[in-house]
Every structure is written in C-alpha cells, then in structure tokens.
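S.K.: Based on the hints, put chain H in the right spot on chain G.
Residue numbers (my numbering), protein chains in the order written: chain G, 1 to 336; chain H, 1 to 336.
Do not rely on the hints blindly, as some may be mistaken.
Identical copies carry no separate label here, and so any pair may be met within one copy or between two of them.
[Claimed, not checked] Listed next, the in silico DSS-like pairs over lysine-lysine satisfying Cα-Cα at most 25 Å (straight line):
#, residue 1, residue 2
1, Lys6, Lys180
2, Lys6, Lys22
3, Lys196, Lys49
4, Lys22, Lys196
Since the hints were derived computationally from the structure, they do not count as laboratory data.
Protein chains: 2
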Amino acid sequence: MPELRKDPIVGRWVIIATERAKRPHDYHPEERLLGAGGVCPFCPGHEGKTPPEILAYRPSEGPGARRDAPGWSLRVFPNRYPALMIEGGLDREGEGLYDRMNGIGAHEVIVETPAHDKHLADLSENEIESVVTAYRDRVADLKRDLRFRYVMIFKNHRAAAGATVQHSHSQLIALPTVPKNVADEMQGALAYYQFKERCVFCDMVAQERRDRRRVVYENAAFLVVEPYAPKFPFETWILPRQHRAAFEDCPRPEFAALADALGVALRKLRRALDDPPYNFILHSAPFGERDSPSYHWHVEIMPTLTRVAGFEWGSGFYINPTPPEEAAAFLRELEE
Amino acid sequence: MPELRKDPIVGRWVIIATERAKRPHDYHPEERLLGAGGVCPFCPGHEGKTPPEILAYRPSEGPGARRDAPGWSLRVFPNRYPALMIEGGLDREGEGLYDRMNGIGAHEVIVETPAHDKHLADLSENEIESVVTAYRDRVADLKRDLRFRYVMIFKNHRAAAGATVQHSHSQLIALPTVPKNVADEMQGALAYYQFKERCVFCDMVAQERRDRRRVVYENAAFLVVEPYAPKFPFETWILPRQHRAAFEDCPRPEFAALADALGVALRKLRRALDDPPYNFILHSAPFGERDSPSYHWHVEIMPTLTRVAGFEWGSGFYINPTPPEEAAAFLRELEE
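With the rest of the complex left out, here is chain G (with noise of 0.2 Å):
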C-alpha cells in the first residue's frame, strides 16, 4: 500500500511508493517510451494487455459491444501501475510531528483513440468532445466516492513531458485530500473576492477581451489566452466566458465549444513549436465547492521548453523568455 505523507512545513502531500521501492541503481536517466515498437497496450486488439475497462464508448450492438475488445471510439481502464489504491481505508494517523494516511486513491487512463499514430490535436472535433466527456463521465462517477475531494485530469505529451506510452492518453488521479496547488488557487481566488466581489477569473476574461493583446483565439463559450505572468513561454488557458467553479457541471452543449477551443489551442502550439512536448491539467473546484463564486474552472497548457533548475524550485519564480503578448501574436497569426 502507497503511504500519503504530508510535509509538516508547507503541508504539500507526497505520496511514497513502499512496494516495489526503487533502489539507487533503478533510475535511469532517460526512460523509454512504450509502445514506440513493439506491441502498444493501448492499441485495439491488446485489450487483454491492460487492466478490464471501467468506461468505453462503442456502438450499442454488434461485436464492438463487447467489453474489453475492439471497436472503441475510446477506452477508460485503471493504471496498471497506479500510483494510489483504490480499496481500503485511509487510515489517517500521527507520527510524532509528522501526518500519514494510506495512499487511497483512483488512478485511471483515458485512450482518447483507437488509431495508435494520431495525436490529440489531429482528432476531431466530435472526436476530441467524446474526450471532454469521458473526463466528465469519470468525475461524475468518483465524486460519488465519500473518500475523495478531488480529481486532477491531466496529460503528458511525448516522452520529456513524462509520457511513458506513445498511444494518445490522458490520466486521472482521485484524491483523499485538496492538493496543495488546488488549495493555493482557491485561496488566492477567495482572497480577490473578499476585496473586491468579483471572480479574479471573470475579471481576467473581461479584461483580456478588451485588451486583445494576449488572446490567441475565441468561440461563444471560451477564451484561449497567454496569461499575463505565465511560468512558461507559449502557456496557454482556456478560460469559460461565463462563471461556473466545477469543470463538470459544465453544460453539455459547451462541450463541442471547449473540443473546439482546445483543439485550436493544441494545432496552434504544435505547428509554433514543432510537436513540443506539453502538459496539459485540468484546473477544477475540490467537491463540495462546486458553487464557489470566487472559483472558475480552466484548462492549462503546459509547453515543456525550458528546464526547471535550481533558481525555480527554490523560488517558486520563473524566468520566461517569451513575453505572453509575443507569443500570443504569433499563435493569432498562425494558420492550424
């Protein structure tokens, strides 16, 4: 069983894998990349390969109805290795100074695609909303699970963004407690709103639209912009026009927007920067906040093009070569 660990300074939770403990000689500078040859476990056909799926999309009759075979449109199973488990009891306990709880938690992948050589950004955009949907499918499933708060989605593209598979996928990781920079947010969020009684968020969206200088592209539903003070050069949210805290109370037809939106969104950066390497995470409300006024969910995207060193993690700043308006002039401009 993983062990959660909470640092008695900052109060940020690690989680510490105790089976399977890597020793000194396990690490490995460069990690290969799964499925870049050989047989990929997330291709159809190697169903077998993976752990029995918890959600698919697959016509309603015939041989592609069949659980855990081909003829998905996308697939939901559990990570085979999780990094938390999902039966048990959290077990919250003390330690002289230190907090401790069992590493409880859902760790599930998202095969956006059968088609082992598309990317996200080559779906699409029906595509690219089953996607959105499946994300908000697997949320609405969770939160019915009292032991949990929160539910991070994110993805790694390529291999220096920390995918270990090529085959296009997301993740989520259900979680017993609010991660810290969820917290930070919602904090930070609050504290605008108590001074000011507006969302921070709202306010951002209203005041990028009449500046134009930082905004890539817009539909009726969302804003794709570089944010004022981004952490990296080319980061780009997608912020919804109006206020809503959780992701999934979203309402449906925003989805084929949000599909468009980040589809835009991810052309655009793959054409700039020749196919980078991003992170893309999923910002939400924790449970039970979904009605906050001073919270607005978003998307951000990550390019992984500068290396975090010393100076960032010691700091928190971070150094961008790419002024927000620069970047955003050159995605406005860029065809798809």
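M.R.: Coordinates of chain H only, in the frame set by chain G:
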C-alpha cells in the same frame, strides 16, 4: 529591462525577459553544455570572458593578488546573461487587475574552484568552507541594498539539472520581493509555531535524532537527513542543530561543520547514484526576519532522477518511488 509580473491568482511572480525575447524557433530540446570542450569562460586565464569580479579569494600579495587575473581560489562575478538587472528603480505599477515592476535584482556566479574538472564534491573541507564563506560575504553585501528583500543561493549540477556551464559553480539571485515558495515556508512554519510555540524545524531535528531511521550523518552542528515527506527520491536536507532563522547569522566556527556535512552529503549521493544531476538550494529567512523564532535556515539537495509531469504541476503532489527510510539506510551505510 526584464519585467517582474505577478500571477493575480496565486501571487507568484515571474521574470519576463522582454529583451532578446525568444521566438518559437529559438527553443531547442537539448542545449549544449558550455565548456565541455573548447574554451571554458570560468577557468583561470579567461577572466576577460566574464564581467569584472565582485569578490575573489586570492593571495594578498604577488601576481595572484591582481583583480581579474589568475591566482584566485574562488571568484564571484555578475552573470553575463542576468535574469534581472542591477541598475534602476522598481517602478511598481498596476495594469488593470495585474501588477508589475521592473526586473531589478542581482544575478551572480560563484566559481567554486579554479580546477576545471573538479566538482564541489571533490573539494576539501577547507575549500568547501570557503565556498560557504563566499555565500555569506555576498549576502552580507547585498543586504545593504534596500531594494532587495531576499537572496536565493542555489547550485545546478549537470545539464539535466539546468547547468549551462560545466565548470563547478553556484549562483545567487537577489530579489526585490519574497519568493512565493519562501513565503509559503515562512507562513507554514509560523502556523506551527502559533499552535505549538516551538519551531517546526527544531522539532524535526529532535524527532529525527531520536528516531535515527532517516538520519544519514551528523556532526556537532548539523544533521543530514532524508525528510519524512520528500518530493524527490534521495532528497537530502542539511539542518543546523541549533535554531537560527538566517544563514548569514550562522557563527563562523560552524562553517567548517557545514562544509563537512555538505561534503559528506554530496559525496554519498554521488556514489549512490552515479554522479546524479542535482539542484541544491539554501533556504534562509527573508531580510528583516532574521530574529524569527519560527523559521530555521537549512539546505535542500534534490537529485534529478524523476520527471515532473502533469500531475505534479497541477497538484503540487509528488510521487516518490523511494521511501526516505530506505534512501537513508542506503546512504548511511555507504562509504563516501
């Protein structure tokens, strides 16, 4: 002039390089390490390739006593490509809901040894002591500049940890604002103090010395431990056994013990992990908080063995595959 911009949600400052801004094609996946062949700008005899020195340890007489000439055992100069500029006013101002100021600060390079092929871990205790003394001398000098609130001292070892020059060196950046990570640490330590009326670091030192499972090494003044909730495998902290908020107030006689502890930690990590890339960061109280009863300066060494990916970026949670008890047992038993 670079710009400092504040994230309006979490309050993190970023440094935006507005001159020599990088265009998309300027980003390369792997940057070459300078001085790995060809002329090393940090070697004796090449003093003309760096800005004029700010500090150097030299013989007091003879040809080696001349500024910007060979003969030094340690040399400090401004970074030729500084993240921040030393000249000018801060000009703090708003831009709608956003906040900015001029990118004022100092960015200096501390070349730790004249020997091109030696690492910090290879230096004698006396030599490491003089590196630590140089840190203290530079902080004492920069503290007199009233524009600055913090000096971050750090080291990036090897390209994978962000080093761009091979010749062994540390860096410092003096900042006009307290970095978010430091503010988080100060605040967390203060919350503990308000609850317990004790310093959380002092409590850690006491508990770790009783428990022994995470202790790697100790001498009369310092404890080398694997922390209870490490972000990274083999993350190693060096804690002064006596309470003191600011590094620069560490009494001179303890510098030899610090050099001993740092040398032991770096040599053990090098041997255990086959000369891993690492970052180390000196954590100290901001200027004006040197008398804090709740904060306690220390050094954090983080080997770069795992990749930071979407989950870590989004959550601030880290997944660590090596329990600190196992890492400590391994390092403890290892000869240096």
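S.K.: Indicate, hint by hint, whether the structure satisfies it.
M.R.: Here is what the structure says about each hint:
For the homomeric pair Lys6 and Lys180, the shortest alpha-carbon distances inside one copy (10 Å) and between copies (19 Å) are both at most 25 Å. For the homomeric pair Lys6 and Lys22, the shortest alpha-carbon distance inside one copy (21 Å) is at most 25 Å, but the shortest distance between copies (39 Å) is not. Proximity of Lys196 and Lys49 under a CA criterion of 25 Å is satisfied in neither setting, with 53 Å inside one chain copy and 52 Å between copies. Within a single copy, Lys22 and Lys196 get their C-alpha atoms no closer than 49 Å, and across copies no closer than 36 Å, so neither meets the 25 Å cut-off.
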